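Asks: The numbering of the sequence shown is the working numbering, which starts it at 168 and goes up by one.
FYI, nobody ran anything at the bench for these hints, they're computed from the structure.
Since the structure is predicted, the reported quantities are computational estimates derived from the model, not experimental observations.
Cβ atoms here follow ideal geometry from the backbone N, Cα and C, with glycine treated the same way.
Mixed in with the good hints there might be a few duds.
[Claimed, not checked] In silico lysine-lysine, BS3-like type, Cα no more than 27 Å apart, as pairs:
(1) Lys-398 x Lys-337
(2) Lys-409 x Lys-367
(3) Lys-336 x Lys-302
(4) Lys-375 x Lys-405
(5) Lys-336 x Lys-367
(6) Lys-363 x Lys-385
(7) Lys-398 x Lys-410
(8) Lys-302 x Lys-337
(9) Lys-410 x Lys-385
(10) Lys-302 x Lys-363
(11) Lys-336 x Lys-234
(12) Lys-363 x Lys-398
(13) Lys-234 x Lys-375
(14) Lys-409 x Lys-385
(15) Lys-410 x Lys-367
(16) Lys-337 x Lys-385
(17) Lys-385 x Lys-336
(18) Lys-337 x Lys-367
(19) Lys-410 x Lys-363
(20) Lys-398 x Lys-336
(21) Lys-363 x Lys-234
(22) Lys-405 x Lys-336
(23) Lys-367 x Lys-405
(24) Lys-398 x Lys-375
(25) Lys-410 x Lys-375
(26) Lys-367 x Lys-398
(27) Lys-337 x Lys-234
(28) Lys-405 x Lys-363
(29) Lys-410 x Lys-337
(30) Lys-409 x Lys-337
(31) Lys-375 x Lys-363
(32) Lys-410 x Lys-302
(33) Lys-385 x Lys-405
(34) Lys-385 x Lys-398
(35) Lys-375 x Lys-336
[As the list claims (entries may be wrong)] Distance ranges between label pairs, derived from CB positions:
(36) Lys-367 x Ala-180: 41 to 47 Å
(37) Ala-261 x Glu-394: 38 to 44 Å
(38) Ile-198 x Ala-261: 37 to 43 Å
(39) Ala-180 x Asn-357: 51 to 57 Å
(40) Lys-234 x Val-316: 19 to 25 Å
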Amino acid sequence: LEQLTHVQGMAIAMYSISQCLFIIVICVYLIHQLTRIFGIHRWTRWIMWGFYAFCPVLTLFSIVLTKDIYFAGFFIIFSLQHLTYLENGNNGNAREIALVAMSGLLASLFRNNFVYVVGAMFLLDLLAALTRHNKRYGILCMGCLLGAVLTVVITGPVYQMMGVGTSPKKESLSVPIVQMSAVYNRNGGNLSDTEKEQIKYYIPDVEKYNPMNADPVKGTFNEQGYETDRKTFWNLWKSLLKKFPGAYVD
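The task is simple: from the sequences and hints, build the whole structure.
Replies: Structure representation (structure tokens):
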């Protein structure tokens, strides 16, 4: 936008307005779908409208210049589409498949590890379709499969043809990085010197662990060391999981 307008302030304003409109659309969709599912009373809908209209957090979201807002919106659509279709959907509807697939795809493009959630939902829907003999689960299953396949194709061959670089490994390893950092800082007295050295090797700034923000420890992750010796990293992760499952869950 800045390259298009040549004015940074105007570019930020255009982005904020478009993001604000996106949030409004998601809020409208959320209230509409919840009304379809639960038959929410009119006065309850008005209360929800008031909350969304005056909630300061949502106002701040309009000026947050990160991908998280769009990811959250598509995640809401993906989740509500499952719930709505199971409650009110038809037994065969291409529109439902497309909505599940597109919301799963777009959420995965804004946050690449979401494709694992789409894959997990595919397996759960498949299991439910086979055990409950319900065609609606089969429709959701096809939507998740299509979304996952499109994500893999776009982020793989399509990105390569367009010259788009792959995201750093630390982005997809955010959860295990934070988990091991939590163990190091909370249970460091119960770790051996070897375990501490291995953690520090892969996560040099492990002492900067913050349970509310992964960036301080993820930012300096030793990607070269990980590519050289992935086996040691995952063996360490599994051994710490066995010793400190509570820290991993937290």
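Asks: All hints, please: hold or fail.
Replies: Here's how the hints hold up against the structure:
A hinted pair counts as satisfied when its Cα atoms are at most 27 Å apart, and Lys-398 with Lys-337 qualifies at roughly 16 Å. As the CA atoms of Lys-409 and Lys-367 are separated by approximately 19 Å, the hinted pair is consistent with the 27 Å bound. Taking the CA atoms of Lys-336 and Lys-302, the gap is about 38 Å. The hint is violated against a cut of 27 Å. This hinted pair checks out: Lys-375 and Lys-405 have alpha carbons roughly 22 Å apart, not beyond 27 Å.
The straight-line distance between the Cα atoms of Lys-336 and Lys-367 is roughly 17 Å, inside the 27 Å bound, and the hint therefore holds. Between Lys-363 and Lys-385 the CA atoms are separated by roughly 17 Å; this keeps the pair inside 27 Å, and the hint holds. About 19 Å separates the Cα atoms of Lys-398 and Lys-410, which keeps this hinted pair within 27 Å; it holds. Only pairs whose Cα atoms come within 27 Å are accepted, and Lys-302 paired with Lys-337 is rejected, the gap being roughly 39 Å.
Among the hinted pairs, Lys-410 with Lys-385 is consistent with the structure: their alpha-carbon atoms are about 22 Å apart, no more than 27 Å. Between the alpha carbons of Lys-302 and Lys-363 the distance comes to roughly 51 Å, so the proposed pair goes past 27 Å and is violated. Taking the CA atoms of Lys-336 and Lys-234, the gap is about 18 Å. The hint holds against a cut of 27 Å. Between the alpha carbons of Lys-363 and Lys-398 the distance comes to roughly 17 Å, so the proposed pair stays at or under 27 Å and holds.
With a C-alpha separation of about 24 Å, the suggested pair Lys-234 and Lys-375 falls inside the 27 Å cut-off, and the hint holds. For the hint pairing Lys-409 with Lys-385, the CA-to-CA distance comes to about 23 Å; that is within 27 Å, so the pair holds. Annotation: proposed proximity of Lys-410 to Lys-367 holds, straight-line Cα distance about 18 Å (limit 27 Å). Only pairs whose Cα atoms come within 27 Å are accepted, and Lys-337 paired with Lys-385 is accepted, the gap being roughly 6 Å.
Of the pairs offered as hints, the one joining Lys-385 and Lys-336 holds, with about 10 Å between alpha carbons and a cut-off of 27 Å not exceeded. About 15 Å separates the Cα atoms of Lys-337 and Lys-367, which keeps this hinted pair within 27 Å; it holds. With a CA separation close to 14 Å, the supplied pair Lys-410 and Lys-363 stays within the 27 Å bound. Of the supplied pair hints, the one linking Lys-398 and Lys-336 holds, its CA atoms being roughly 15 Å apart against a limit of 27 Å.
Using a Cα cut-off of 27 Å, the hinted pair Lys-363 and Lys-234 is violated, with the two alpha carbons roughly 34 Å apart. As the CA atoms of Lys-405 and Lys-336 are separated by approximately 19 Å, the hinted pair is consistent with the 27 Å bound. Distance hint between Lys-367 and Lys-405 is fulfilled; the C-alpha atoms sit about 16 Å from each other, no more than 27 Å. Between Lys-398 and Lys-375, the direct Cα distance comes to roughly 25 Å. Compliance with the 27 Å bound is thereby established for this hinted pair.
Our distance criterion of 27 Å between C-alpha atoms is met by Lys-410 and Lys-375, whose separation comes to about 22 Å. At roughly 16 Å between alpha-carbon atoms, Lys-367 and Lys-398 fall within 27 Å of each other, so this suggested pair holds. Between Lys-337 and Lys-234, the direct Cα distance comes to roughly 17 Å. Compliance with the 27 Å bound is thereby established for this hinted pair. Taking the CA atoms of Lys-405 and Lys-363, the gap is about 15 Å. The hint holds against a cut of 27 Å.
Simply put, Lys-410 and Lys-337 have alpha-carbon atoms about 24 Å apart, close enough for the 27 Å limit, and the pair holds. Between Lys-409 and Lys-337 the alpha-carbon distance is near 23 Å, which keeps this suggested pair within the 27 Å criterion. A hinted pair counts as satisfied when its Cα atoms are at most 27 Å apart, and Lys-375 with Lys-363 qualifies at roughly 15 Å. Restraint check for Lys-410 and Lys-302: the C-alpha separation of about 43 Å exceeds 27 Å, so the hint is violated.
The suggested pairing of Lys-385 with Lys-405 holds, with an alpha-carbon distance near 19 Å, which does not exceed 27 Å. Between Lys-385 and Lys-398, the direct Cα distance comes to roughly 19 Å. Compliance with the 27 Å bound is thereby established for this hinted pair. Restraint check: the Cα-Cα separation between Lys-375 and Lys-336 comes to about 20 Å, which is no more than 27 Å; the hinted pair holds. About 45 Å separates the C-beta atoms of Lys-367 and Ala-180, a value consistent with the hinted range of 41 to 47 Å.
The hinted window of 38 to 44 Å between Ala-261 and Glu-394 holds, with their beta carbons roughly 42 Å apart. Judged by the Cβ atoms, the range 37 to 43 Å given for Ile-198 and Ala-261 is violated: they are separated by roughly 25 Å. A hinted range of 51 to 57 Å for the beta carbons of Ala-180 and Asn-357 is consistent with their spacing of about 53 Å. Hint check: Lys-234 to Val-316, Cβ distance near 22 Å, so the stated range 19 to 25 Å holds.
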